[in-house]
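J.: The primary structure of each chain is shown beneath.
Number of protein chains: 2
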Amino acid sequence: MSPKITTELLKQLRQGMKNSKYVQEPVQAYIVPSGDAHQSEYIAPCDCRRAFISGFDGSAGTAIVTEQHAAMWTDGRYFLQAAHQMDNNWTLMKMGLKDTPTQEDWLVSVLPEGSKVGVDPFIIPADQWKRMSKVLRSAGHDLVPVKENLIDTIWTDCPQRPCKPLITLDLSYTGVSWRDKIVALRSKMAERKVMWFVVTALDEVAWLFNLRGSDVEYNPVFFAYAVIGMNTIRLFIDGDRMMDPPVREHLQLDSTLEPEFKIQVMPYGSILSELQAVGAGLSPKEKVWLSDKASYALTEAIPKAYRYLTPYTPICIAKAVKNAAETEGMRRAHIKDAVALCELFNWLEKEVPKGTVTEIIAADKAEEFRSQQKDFVELSFATISSTGPNGAIIHYKPVPETNRTLSVNEIYLLDSGAQYKDGTTDVTRTMHFGTPSAYEKECFTYVLKGHIAVSAAIFPNGTKGHLLDSFARSALWDCGLDYLHGTGHGVGSFLNVHEGPCGISYKTFADEPLEAGMIVSDEPGYYEDGSFGIRIENVVLVIPAETKYNFKNRGSLTFEPLTLVPIQMKMIDVNLLTEKECNWVNEYHQKCREVVGAELERQGRHEALQWLLRETEPLGRVQ
Amino acid sequence: MSPKITTELLKQLRQGMKNSKYVQEPVQAYIVPSGDAHQSEYIAPCDCRRAFISGFDGSAGTAIVTEQHAAMWTDGRYFLQAAHQMDNNWTLMKMGLKDTPTQEDWLVSVLPEGSKVGVDPFIIPADQWKRMSKVLRSAGHDLVPVKENLIDTIWTDCPQRPCKPLITLDLSYTGVSWRDKIVALRSKMAERKVMWFVVTALDEVAWLFNLRGSDVEYNPVFFAYAVIGMNTIRLFIDGDRMMDPPVREHLQLDSTLEPEFKIQVMPYGSILSELQAVGAGLSPKEKVWLSDKASYALTEAIPKAYRYLTPYTPICIAKAVKNAAETEGMRRAHIKDAVALCELFNWLEKEVPKGTVTEIIAADKAEEFRSQQKDFVELSFATISSTGPNGAIIHYKPVPETNRTLSVNEIYLLDSGAQYKDGTTDVTRTMHFGTPSAYEKECFTYVLKGHIAVSAAIFPNGTKGHLLDSFARSALWDCGLDYLHGTGHGVGSFLNVHEGPCGISYKTFADEPLEAGMIVSDEPGYYEDGSFGIRIENVVLVIPAETKYNFKNRGSLTFEPLTLVPIQMKMIDVNLLTEKECNWVNEYHQKCREVVGAELERQGRHEALQWLLRETEPLGRVQ
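Sequence lines, in order, name chains A and B.
According to the UniProt record's numbering, the first sequence is numbered sequentially starting from 1.
According to the UniProt record's numbering, the second sequence is numbered sequentially starting from 1.
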């Protein structure tokens with residue numbers, strides 16, 4: 001993978017930073033955040049401005065370009081990838097390491113006195129604007145909105161914004177109609193005494209209306225905003241997709257409805273002016289509810305006194321707690337996904353020794369097996385198919401330049417998942433197709449111990465996920481090891497594979513408490529740069545736990561694994577496991593065998609079934 | 001314990017809230033925070049305004065009085081105590097429970113439109129003012145400073161502010177001279193480009209000048225402020241104690257010194273006007289560093305553009321990392337403290353069965369044994385000597401009305417500590433002088449498992465203490481149990497028994513990372529209202545840990561117990577311990593035996609030595 005040459009682009013950008021066509025006064029620095037106007041993590045090609053200017057195309061990162069410098073902030077998942085993809089014009093800022101300055105502090109340290117720092121107000125979240133502008137202002141600088149996106153001005157072959165057809169989801173998938181979701185939302189609005197709610201996150205729009213799209217790869221969302229009043233519903237969306245009869249019927253656009261459920265469809269681009277009109281027409285005490293991560297541009301459309309900002313919207317919180325229909329869908333999706341992976345691993349075991357399977361071939365084969373399953377839509381993220389040293393690049397995606405051949409001498413890490421109409425999957429397994437070394441087994445077993453410590457944890461109702469993060473690390477810490485990423489993220493139901501407001505990470509504190517029905521991943525790992533990567537990931541459902549006692553009648557919670565794919569036993573050093581951990585592995589494998597075995601049988605996939613039976617034998621403990 | 005009758009006092013306070021002598025316009029609510037003008041946790045009698053108005057005298061709590069209501073916010077340690085001490089005029093707001101509103105939200109819910117909420121600007125920390133005034137303002141109310149403290153106006157027999165003599169500490173105790181501390185502080189100030197640093201916390205003033213006092217019971221501090229410039233040192237302190245020759249010599253008040261080390265002594269009460277003068281004389285770019293917990297009054301003295309506020313001051317951070325002299329002092333203090341407790345527990349074992357030992361007698365006896373030790377100064381907090389149901393009152397202090405007699409049928413919990421000139425101690429042991437029930441042993445053993453899980457934890461350099469909190473709870477959580485307080489707090493070196501910026505608690509996120517030399521407590525517990533309380537507390541020192549591997553060369557840390565008092569073996573259900581936990585107990589007891597045994601021998605305390613030897617036999621595991 002050779003880095004992108006950015007010398008000419010940076011020169012053009014720096015000219016734009018001084019060009020009076022775009023800026024009233026020259027800006028001495030320009031920030032290029034990762035997100036789009038909806039603060040999406042995964043973005044459409046037309047929004048990949050940070051990748052365009054720097055070459056680094058990981059899912060998280062912020063670029064800042066000054067007259068002298070170009071710097072990229074990203075986290076531990078991407079240190080290696082970013083270093084490979086960027087040329088010498090760029091300085092990598094490793095977030096999470098002690099000596100790495102924040103973007104604000106760095107700007108203060110490099111900028112000349114009284115500088116202006118520009119950013120596209122549609123791309124920067126309001127909370128981040130506030131934090132940065134405060135620090136910059138106190139150091140004598142100014143954060144200024146630059147209306148025209150300066151990257152777009154130099155991106156001559158920028159792709160079109162996608163506008164793909166929509167999928168409607170009926171009650172058997174969603175459990176709740178969009179009308180009932182609107183009713184529930186309005187009751188939350190009434191509780192907080194707000195008159196308007198602005199839906200800015202793409203997955204929140206999709207969830208609210210029980211619609212899905214494919215405007216962004218891997219995420220079944222579509223470009224839209226919504227503004228919900230106590231008596232009005234406005235949906236801002238482009239294209240002729242609203243002419244599609246099933247969509248019109250689903251949204252009852254042509255029915256005679258109570259006025260409060262009548263959806264007004266408006267152009268996507270009119271959101272700012274419409275919101276400004278709402279803002280101008282507010283009477284005292286009429287508040288407008290926005291996420292504090294909504295764009296600075298939309299937030300500014302509402303006068304400050306009328307804003308009601310929260311870190312998590314009521315939709316985000318409602319969406320996180322899956323109902324029975326969604327939970328059952330997720331279970332079904334995970335069983336189908338396990339079938340595909342049993343097929344894949346059985347195939348790999350036979351093919352890898354021949355020396356013909358590359359990372360890309362393995363990834364494609366995984367997709368092929370998944371696509372054979374009912375209601376398969378697409379992958380849920382770019383498959384991480386990595387062997388040997390590539391496994392240490394935490395969010396690696398094989399490309400021809402880096403594509404390694406799987407062998408019996410290297411660890412293989414596969415982190416993959418799919419979107420099915422009934423649910424979203426995300427699973428990581430680390431395999432060896434020859435004989436792993438004692439050290440590889442040792443590391444794998446520590447990771448497994450961490451995985452089990454979270455999965456089997458029992459904790460009181462009301463516990464926030466970040467309080468469980470250290471459980472995943474304890475066995476690694478004991479030996480001086482660790483991993484530089486969080487332990488788990490929320491998972492959507494046929495929606496984004498990463499979603500808030502819950503998760504398991506040392507990095508967050510403001511996560512919402514875990515509650516029964518929430519779904520998160522449990523994915524500790526261990527990575528050695530240049531050698532190998534290990535990760536074991538299941539998607540798990542929060543469920544009530546039975547305990548011997550019940551302090552203050554609070555009740556307890558634990559996790560049920562939805563992912564049902566065997567954990568490779570040859571990678572486990574059984575003597576490092578406690579009896580309890582051994583039993584966990586055996587019970588987990590027993591469940592894989594029963595549930596996935598029955599489905600393999602049903603689908604007539606006999607060879608994969610034999611593989612599953614072999615891989616789910618009880619662990620033998622050497623005494 | 002009968003509650004304080006507050007009807008008349010509340011009537012007087014409510015009159016004050018409307019009296020134009022004190023307020024320009026009537027205030028509809030008046031906030032009475034817990035702290036003094038230095039935001040101390042432990043306060044002098046003249047500052048116990050919240051206890052005066054409500055009767056509740058726990059160490060944490062905020063009272064708010066409106067025309068209709070009187071409400072008290074406190075945390076889980078004090079729910080029972082507050083309920084006992086307050087009359088029906090008061091509503092208890094249980095912080096940490098899901099349905100308890102914040103003070104701001106509660107005010108918004110009860111106040112008539114456009115209300116004014118008053119508070120003494122010297123008592124409320126600036127960060128709290130900011131948070132409250134923002135919420136109140138957005139709901140149409142105003143937070144207003146009331147110069148005259150309204151409690152003081154009705155507190156006719158308010159005691160005098162103490163002004164006791166000072167103790168000077170030489171290098172053998174402090175390891176670093178006050179001049180070198182000033183030099184280090186100024187270098188931190190230069191790093192952050194600030195010209196002034198305002199020392200507002202009492203323990204920070206004491207630490208900086210290597211002085212101790214006794215103005216506040218249990219905390220060896222004295223009422224003072226300091227303002228450190230790059231070339232000036234101003235100490236604001238009252239009384240003739242600065243006339244004391246050893247103090248004058250220690251501070252070199254009469255020596256010919258470089259001007260930048262010349263201390264200007266000024267009256268305590270002149271801090272506000274002096275700081276206002278500093279504020280008025282600042283040139284552009286001259287910043288003043290204050291804790292964001294400094295009082296609103298002092299913070300406002302500096303114009304906003306010139307303030308540099310941080311949650312932890314450089315003194316707070318430097319003070320937390322103990323140097324070799326301080327660490328050795330803490331070790332010595334804990335050995336002496338263990339000697340006193342061996343004497344006490346030996347005495348209790350003989351006396352309790354006679355039925356003559358009350359909680360107060362036991363507490364007095366503990367103090368008597370401690371006071372026999374070299375360099376004993378005073379207790380480090382009010383001894384929690386509690387038996388049976390009193391043990392469930394987490395910060396209980398026996399008084400004649402509640403004083404129970406220790407018996408062979410109840411659990412006894414003793415949480416106590418002392419100030420020695422070489423260190424501060426804080427230790428909790430839970431004992432049974434008869435035969436504990438299986439359930440009591442079970443609960444005790446879960447608490448012990450939690451204690452060990454923290455004490456034996458190995459974690460990477462840079463880890464924040466809050467990431468270890470769940471380790472202490474895991475064994476309890478497994479059975480549906482928990483405790484409603486944090487697991488540990490920083491401990492001063494012959495200073496406050498509670499100090500920042502480190503600790504082990506699920507409640508904080510902004511704690512500073514643990515580093516070698518920091519000292520914290522490790523004190524999980526379990527409490528059953530009306531029945532018993534269990535807590536096991538050691539003070540532990542953060543030390544480097546040797547590990548098999550060393551990921552990213554970060555290095556690892558662990559804890560060394562400084563407290564060396566046996567953990568009662570009859571309370572342990574050995575079968576609930578893992579082999580590793582058993583070994584931890586045996587190694588810990590072996591160390592108590594060797595280190596404290598040698599000191600008991602040296603002091604000729606033969607009977608207590610025999611007790612120690614009996615109590616530190618290796619645990620026998622029933623297979």
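Mixed in with the good hints, there may be bad ones.
If chains are identical, the list can't say which one is meant, so a pair holds when it fits in one copy or spans any two.
Said to hold, decoys possible - Here are the simulated DMTMM-like pairs of lysine to aspartate or glutamate, each with C-alpha atoms no more than 20 Å apart in a straight line:
#1 K304 - E8
#2 K285 - D105
#3 K285 - D142
#4 K134 - D292
#5 K116 - D127
#6 K262 - D238
#7 K130 - D292
#8 K552 - D482
#9 K181 - E8
#10 K134 - E286
#11 K188 - E546
#12 K188 - D99
Calculated directly from the structure, the hints in this document are not laboratory data.
J.: Compare the structure with each hint and give your call.
T.: For each hint, the structure was consulted:
1. K304 - E8: neither (41 Å within a copy, 43 Å between copies)
2. K285 - D105: between (38 Å within a copy, 16 Å between copies)
3. K285 - D142: between (32 Å within a copy, 16 Å between copies)
4. K134 - D292: both (16 Å within a copy, 16 Å between copies)
5. K116 - D127: Intra 19 Å, inter 29 Å, cutoff 20 Å: intra-copy only.
6. K262 - D238: Within one copy, since 18 Å is at most 20 Å while 73 Å is not.
7. K130 - D292: For K130 and D292, both the intra-copy (10 Å) and inter-copy (19 Å) Cα distances are at most 20 Å.
8. K552 - D482: between (35 Å within a copy, 9 Å between copies)
9. K181 - E8: neither (50 Å within a copy, 52 Å between copies)
10. K134 - E286: Between copies, since 18 Å is at most 20 Å while 27 Å is not.
11. K188 - E546: Neither way: K188 and E546 sit 31 Å apart in one copy and 53 Å across, limit 20 Å.
12. K188 - D99: between (43 Å within a copy, 16 Å between copies)
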